[in-house]
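A.B. asks: Here is how the chains run, residue by residue.
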Amino acid sequence: MFSKFVTIVVIIFFSLISYGQKENMALIKGGVYTPLYGTDSTPVRVENFKIDVYPVTNAEYVQFLKDNPKWRKSNVIALFADDNYMRHFKDDLNLKDNELPDGPMTNVSWFAAKKYCECLGKRLPTLDEWEYVGMADEKRVDARTKEEYNKFILSWYEKPNSYNQKVGSTFKNFWGVYDMHGLVWEWTQDFNSVLITGESRSDVDGGNQNLFCGGAALGSSDLMNYAAFMRYAMRGSLKANYSVRNLGFRCAKSIK
Amino acid sequence: MIDSQIKNGLRRFASFSLLLGAASLFSCSGGSNQEHSTKKMNPEDIKVVSEMMAELTAPPFVPKSTADRAATKLIVHMEILEETGQMADGVDYVYWTFGGTVPGSFIRTKVGDEVEFHLKNHPDNKLPHNIDLHAVTGPGGGAVSSFVAPGREIVFSFKTLKPGLYVYHCATAPVGMHIANGMYGLILVEPEEGLPPVDKEYYVMQGDFYTEGKYGEQGLQAFDMQKAIDEKADYVVFNGKVGALSGEDALTAKVGETVRIFFGNGGPNLVSSFHIIGEIFDRVTVEAGTLVNEDVQTTLVPAGGAAMIEFKVDVPGELVLVDHSIFRAFNKGALGVMNVTGPENPKIYSGTIQEGIYLPEGGTIQSMPVEDKEPAAPVAEKSKAEKMALGKKLYGSTCFACHQANGEGIAGAFPPLAKADYLNADVDRAINIVLRGMSGEIVVNGEKYNSVMTAQNLTDEEVASVMTFVYNSWGNNGTEVTTDMVKKVRSK
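Top to bottom, those sequences are chains B and A.
Take any residue in the first sequence, note its place counting from 1, add 201, and you have its number in the working numbering.
Take any residue in the second sequence, note its place counting from 1, add 110, and you have its number in the working numbering.
By construction, these hints were calculated from the structure, which means they are not laboratory data.
A couple of the hints might just be wrong.
[Claimed, not checked] In silico EDC-like cross-links for lysine to aspartate or glutamate, where the CA-CA straight-line distance does not exceed 20 Å: (1) A:K502 with A:E358; (2) B:K347 with A:D234; (3) A:K324 with B:E349; (4) B:K297 with A:D234; (5) B:K360 with A:E303; (6) B:K352 with A:D202; (7) A:K174 with A:E303; (8) A:K230 with B:D283; (9) A:K337 with B:D283; (10) B:K360 with A:D202; (11) B:K352 with A:D340; (12) B:K367 with A:D234.
[To be verified] According to the in silico footprint, chain B covers these stretches of chain A (three or more CB under 8 Å from chain B): (13) 284 to 293; (14) 331 to 345; (15) 403 to 410; (16) 433 to 447.
From the three backbone atoms N, C-alpha and C, an ideal C-beta is built for every residue, glycine too.
Turn these sequences into a full structure, and let the hints steer you where they fit.
C.D. replies: Here it is in structure tokens:
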């Protein structure tokens with residue numbers, strides 16, 4: 202599996218030449234999927250939409266800062282970004298020396314990420330859209346039941362500090378989208394629509410009964426729930442002004 | 111007849127217990143009576159006037175006693191770190207930790223303290239975490255109030271109400287995974303007068319680990335969720351890794367000293383049968399509650415539970431800490447050493463009678479299960495340097511448990527390999543022992559040993575490597591063992 206990634210990395214090294222174009226987005230054909238838990242345990246319909254092929258890079262974000270001085274570290278309103286905002290920059294427009302320009306932009310608040318997308322005529326993907334794209338592996342729309350796929354995701358969640366890689370370093374999925382898993386966490390528009398206290402036991406039998414279904418459905422081969430648990434737990438720990446080293450974003454667009 | 115004897119015995123026992131019970135009514139100093147003492151305040155009403163930073167210690171050490179201070183506002187700064195560490199020689203693992211160690215930093219409080227807890231999630235961490243302290247009376251033991259994203263700090267406070275030794279752990283989903291990666295530790299709540307003074311105090315915590323590769327498999331080992339669900343542990347260890355309490359890191363005590371071990375079990379799955387080979391526990395707080403048991407050989411410590419264990423060391427030598435679910439000790443790493451130094455006491459231990467080592471294999475030689483292997487293609491002999499490197503790793507996973515980190519063995523139980531006359535005298539005999547096992551009496555460096563060693567399931571190349579390593583370490587004669595030499599002995 203991993204040697205395949207190496208090959209992919211080499212291939213995309215060349216394909217990166219085309220990356221950076223204004224509209225490097227993949228078309229996602231909508232469909233119905235059942236989230237592990239959410240507002241309802243019933244299947245959710247996702248409409249056709251477009252999503253960025255890569256997470257937004259440091260270099261792209263610098264361009265945004267040049268055009269929008271309000272969002273520079275020295276100008277940003279505290280309500281919209283905490284002290285960790287742009288912590289990997291040495292000043293308003295320059296990265297620290299060991300940071301990669303084509304690495305994913307992290308240490309960025311939800312407000313800033315949302316603004317970035319809006320300035321390009323896009324928006325953040327919804328949680329359902331993100332999860333819908335994220336369930337694909339290289340070959341299938343929904344690989345959530347594949348053991349290898351879940352093991353890969355889980356092993357990534359375990360490892361600290363994976364942000365220091367170029368975008369496109371992980372695999373290209375069914376939709377032609379890179380880095381859904383293995384690089385950084387990503388903001389979604391409604392990241393806090395599923396309330397998780399992080400106290401796993403109360404999440405099980407408290408207000409959110411759908412979590413209980415998720416937990417109760419755990420069979421011995423059901424690793425996928427664990428991966429999702431961790432994603433939802435991460436999102437549940439966030440507030441919109443937080444900036445986190447392992448948290449980046451990408452943009453999406455509705456199709457009219 | 112027999113029945114009536116038993117009944118009489120029981121009656122006598124009952125009246126004896128009554129006497130004991132009466133006696134204890136008059137002595138208020140014991141921790142167990144504290145709850146009932148009218149002199150003591152309700153812990154909830156204990157006022158705190160001062161404020162201090164908590165001293166936190168890495169295992170196996172504990173902060174100093176709280177006996178000589180009043181209840182206070184105690185400020186605890188705990189940092190969560192996700193980092194790679196060593197599980198065994200040549201085996202790495204990504205640990206999630208409270209304070210950079212497994213188990214996490216030891217927190218020492220006393221009843222009535224107001225603990226202001228600062229939980230910090232390092233910005234480089236990937237995951238959100240929280241903390242559930244079993245010493246906390248409140249929702250989730252603090253977990254609800256302490257959920258913290260990477261790069262954030264969260265503060266909550268609680269009052270310590272009941273004396274005891276408590277486990278703390280992360281309770282973020284999936285909770286089992288967070289615990290399995292090392293997120294647990296101990297918090298002590300001392301009674302108002304402090305625990306009775308002892309000479310040495312140590313902090314030891316057991317945990318089970320689940321790795322993608324088998325025990326001893328080299329390289330960075332990922333966590334295996336499936337094995338964890340199946341409760342099939344690859345490692346069961348004290349203080350986070352194989353050999354955390356041996357060699358230079360062994361615990362120490364002097365003859366005549368009283369030792370207290372704060373023993374916890376982080377789990378996530380396995381219950382510990384904690385035992386010290388060569389020692390009887392004088393006092394054990396059962397499940398770290400107010401009940402005290404005396405003269406205990408092995409105490410059961412549940413996952414997510416603890417015990418305070420006290421004993422006086424009477425004779426010099428090595429005491430061996432084990433989980434007496436004994437395959438865990440000798441095959442999965444649950445082994446630690448306490449070196450006791452000081453004068454011999456022949457009245458207690460003559461030195462010629464063998465220590466009561468439990469031999470799980472019984473009195474005859476048994477072999478490790480051998481997997482069917484394809485006959486290997488002829489391989490070029492490894493260089494001596496390669497053999498030394500491989501041999502060192504194999505030693506760490508295969509031999510170390512009995513023969514110890516520096517080949518020093520354990521007196522009376524496992525013969526030494528360092529400067530060992532028996533080993534250096536005859537290399538073929540030594541190869542044969544590794545291949546086929548050994549039992550019966552032998553004399554090594556003038557000491558008699560009468561133990562059992564199992565036949566080892568190693569390839570010829572592995573045997574050559576580990577024996578080359580042994581022969582070229584610790585003052586041995588420098589023999590280089592080749593694969594051919596091993597083959598010859600094997601075919602005999």
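A.B. asks: Compare the structure with each hint and give your call.
C.D. replies: Checked hints:
A C-alpha spacing of about 17 Å is found between A:K502 and A:E358, which places the hinted pair at or below 20 Å, so the restraint holds. Distance restraint check for B:K347 and A:D234: the Cα-Cα separation of roughly 30 Å exceeds the 20 Å cut-off, and the hinted pair is therefore not satisfied. The suggested pairing of A:K324 with B:E349 holds, with an alpha-carbon distance near 19 Å, which does not exceed 20 Å. Only pairs whose Cα atoms come within 20 Å are accepted, and B:K297 paired with A:D234 is accepted, the gap being roughly 16 Å.
Taking the CA atoms of B:K360 and A:E303, the gap is near 45 Å; set against the 20 Å cutoff, the hint is violated. At most 20 Å may separate the alpha-carbon atoms for a hinted pair to count; B:K352 and A:D202 meet this at roughly 18 Å. Distance restraint check for A:K174 and A:E303: the Cα-Cα separation of roughly 14 Å lies within the 20 Å cut-off, and the hinted pair is therefore satisfied. At roughly 15 Å between alpha-carbon atoms, A:K230 and B:D283 fall within 20 Å of each other, so this suggested pair holds.
With a C-alpha separation of about 40 Å, the suggested pairing of A:K337 with B:D283 is violated against the 20 Å cut-off. Of the pairs offered as hints, the one joining B:K360 and A:D202 holds, with about 12 Å between alpha carbons and a cut-off of 20 Å not exceeded. Under the criterion of a C-alpha separation no larger than 20 Å, the hint pairing B:K352 with A:D340 is consistent with the structure, at around 16 Å. Note on B:K367 and A:D234: the hinted pairing holds, with a Cα-Cα distance of about 17 Å set against a maximum of 20 Å.
Counting residues of the region 284 to 293 of chain A whose beta carbon lies closer than 8 Å to any beta carbon of chain B gives 4, which reaches the threshold of three, so the coverage claim holds. Look at the region 331 to 345 of chain A against chain B: 6 of its residues bring a Cβ nearer than 8 Å to a Cβ of that chain, three or more, so the hint holds. Counting residues of the region 403 to 410 of chain A whose beta-carbon sits less than 8 Å from any beta-carbon of chain B gives 0, not enough to reach three: the coverage restraint is violated. Check result for the region 433 to 447 of chain A against chain B: violated, 0 residues qualifying (beta carbon to beta carbon below 8 Å, three or more required).
In this structure, the hints that do not hold are numbers 2, 5, 9, 15 and 16, in rising order.
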